[in-house]
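A.B. asks: In terms of numbering that gives the first Met the number 0, the sequence shown opens at residue 0 and continues consecutively.
Each statement offered as a hint is correct.
With a cut-off of at most 20 Å between alpha-carbon atoms, the simulated DMTMM-like pairs for lysine to aspartate or glutamate come out as follows:
1) 47 to 61
2) 39 to 61
3) 39 to 29
Here are the in silico distance ranges between beta carbons for each label pair:
4) 71 to 28: 25 to 35 Å
5) 60 to 24: 23 to 33 Å
6) 32 to 59: 13 to 23 Å
7) 5 to 52: 44 to 54 Å
8) 81 to 9: 18 to 28 Å
9) 6 to 67: 34 to 44 Å
10) 64 to 42: 12 to 22 Å
In case anyone wonders, no lab produced these hints; they're calculated from the structure. Built from N, CA and C at the ideal position, the CB exists for glycine as well.
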Amino acid sequence: MRKISAIFITVMLILILLIGVNDLPEFGNENNPSNNILSKTYLANTTKETGALNIVTGIILDYRALDTLMEATVLFSGVVVIILLFKD
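Produce the complete structure using the sequences and hints provided.
C.D. replies: In structure tokens:
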């Protein structure tokens, strides 16, 4: 019974993921969200607005600083939990 339910759950998850992938925009299409006005604005104005020479650094540390801080907090918390679990 466990094997049948595990196979069923696996097949259902695969179907859900395939349906989700099917809804993704076509690769390379110029109307994709990754090619919108925001990315062009970032590329054109980041060095002027932030003073950073590296565009990626300017985006991460100035435009998305709070989001980056929260991601770092989650990663740090995960590392602390793993260290506590494996501590002898």
